[in-house]
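Participant: Line by line, the protein sequences are chains H and C.
Using the numbering used here, you'd call the opening residue of the first sequence number 383 and step up by one each time.
Using the numbering used here, you'd call the opening residue of the second sequence number 189 and step up by one each time.
Check the hints yourself; a few may be wrong.
Covered stretches of chain H (chain C as the covering partner; in silico rule of three or more C-beta atoms under 8 Å from a C-beta of chain C) [as the list claims (entries may be wrong)]: (1) 388-400; (2) 415-421; (3) 430-439; (4) 481-492.
Keep in mind the hints are simulated off the structure, nothing from the lab.
Just so you know, even glycine gets a beta-carbon here, dropped at the ideal spot from N, CA and C.
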Amino acid sequence: MQVPAPFEYERAESVSHAIALLERLGDEARVVAGGHSLLPMMKLRLAAPEYLVDINDLSDELGYITVESDVVRVGALVRHAAMLAHDGLAEHFPIIRDAEHLIADPVVRNWGTLGGSLCQCDPSEDLSSVCLALDAECVITGSGGQRVVPMADFAVGPYQTAVGEAELLTEVRFPIRPGSSSAYQKVKRRAGDWPVAASGVAVRLDGGTVIDARIALTALGVDDAVDATEALVGRPPSEEAFAAAAAIATQVSRPVDDARGSAEYKRHLAGELTVRALRSAVSRALSTTVN
Amino acid sequence: MQVTMTVNGDEVTRDVEPRMLLVHFLRDALSLTGTHWGCDTSNCGTCVVWVDEQPVKSCTMLAAMAGGKRVRTVEDLERDGVLDPVQEGFMQCHGLQCGFCTPGMMMTARWLLDHNPDPTDGEIREAISGQICRCTGYSTIVRSIRWAATHENASHIETAETAGSSS
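Given only the sequences and the hints, what does the whole structure look like? Please build it.
Facilitator: Dropping the structure here:
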């Protein structure tokens, strides 16, 4: 039987209450939202916090998806299932629906949250790459107010983020950029499993030319967005350009051999999935522009 | 700590350790052993129950987190001696062999049909993709859920026709 080590449980009644609890309880306190990453780690005793602060009652404050003219704001407590189902998100950022459809399984998606996924900061986690590709910003709230951290600076290392001990990730902001689209391509061995590898892409077109492109790789040993500017930006979106970008993705990948596949196979996936994601994102961007 | 929740319509209060998982609370504190405890890693899905009308793997939720919420377990499918169409479907179409995965399968199936009364086989397979059956190869489970979908519709039509003819 897998049971967490003993801890004390507190239930937050508001964001400010959650932060006050975290301040009072100190560095041995952890926030639990959906719990589908933290609780398994606690059951395996990989994590043994002395206090848990449950924020599941904060859906009024943290459970929104708001589409504005130039940004979509998503509260940190929004569940995967809600991200998957939201048409506004899918319209502006099809990469989100691509990725959410393949995260865990439908029952897990009912409880796991956007904020929990990002704060877990697992190198194999899909939404971190999605947010990186979309150039998202994270709103981190503490007793002194809010600060905004670009996704590129959010991950400090595996399982480590820019969120401080007495702070809460409260919102993720996705900028809407005209002429843009996006896609996510992932290979996993079976339903519910972590990815063998995945590639997320966001492109922006202007008059048949790529003016911005962001590529983020999952489970491939790459922390930052892949700089494929040279291959793509200022050029028409052609198969040659996609192949050049894929070559860069393959080159920067640092996968390891494990039960999910060999490093060689994963490097192959880095390139192939990047090409497929680019094709899909460009095709979506072109069809949106025509419409 | 003390935790209070509604389980299958009844309010229950128990003293629990904060680290007690919901699956053990249901099985050990309330003796509701219909909910099974399987892989313990949120992979197999035999522990699926509903919390506030959403299916959840109860091995991956603390009993404390379910405090103040409505929990529904497999014991609540049958009402007044009448099986839920999902239960009837699993009987009619051999949706189980050893039966270990069945409680979770049926709770997910019930939720699916409440939200999508006429699912395709693909939609059924996706809905149960977080649950593992080592006996059936899934085909008879899909068939069982389809049976339930068909017979729910039939019973609704029958009720409507009966109501129409009696007026």
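Participant: Look at each hint and say if it fits the structure.
Facilitator: Taking the hints in turn, this is what the structure says about them:
{"no.": "1", "hint": "388-400", "in the structure": "holds (count 5)"}
{"no.": "2", "hint": "415-421", "in the structure": "holds (count 3)"}
{"no.": "3", "hint": "430-439", "in the structure": "holds (count 3)"}
{"no.": "4", "hint": "481-492", "in the structure": "holds (count 6)"}
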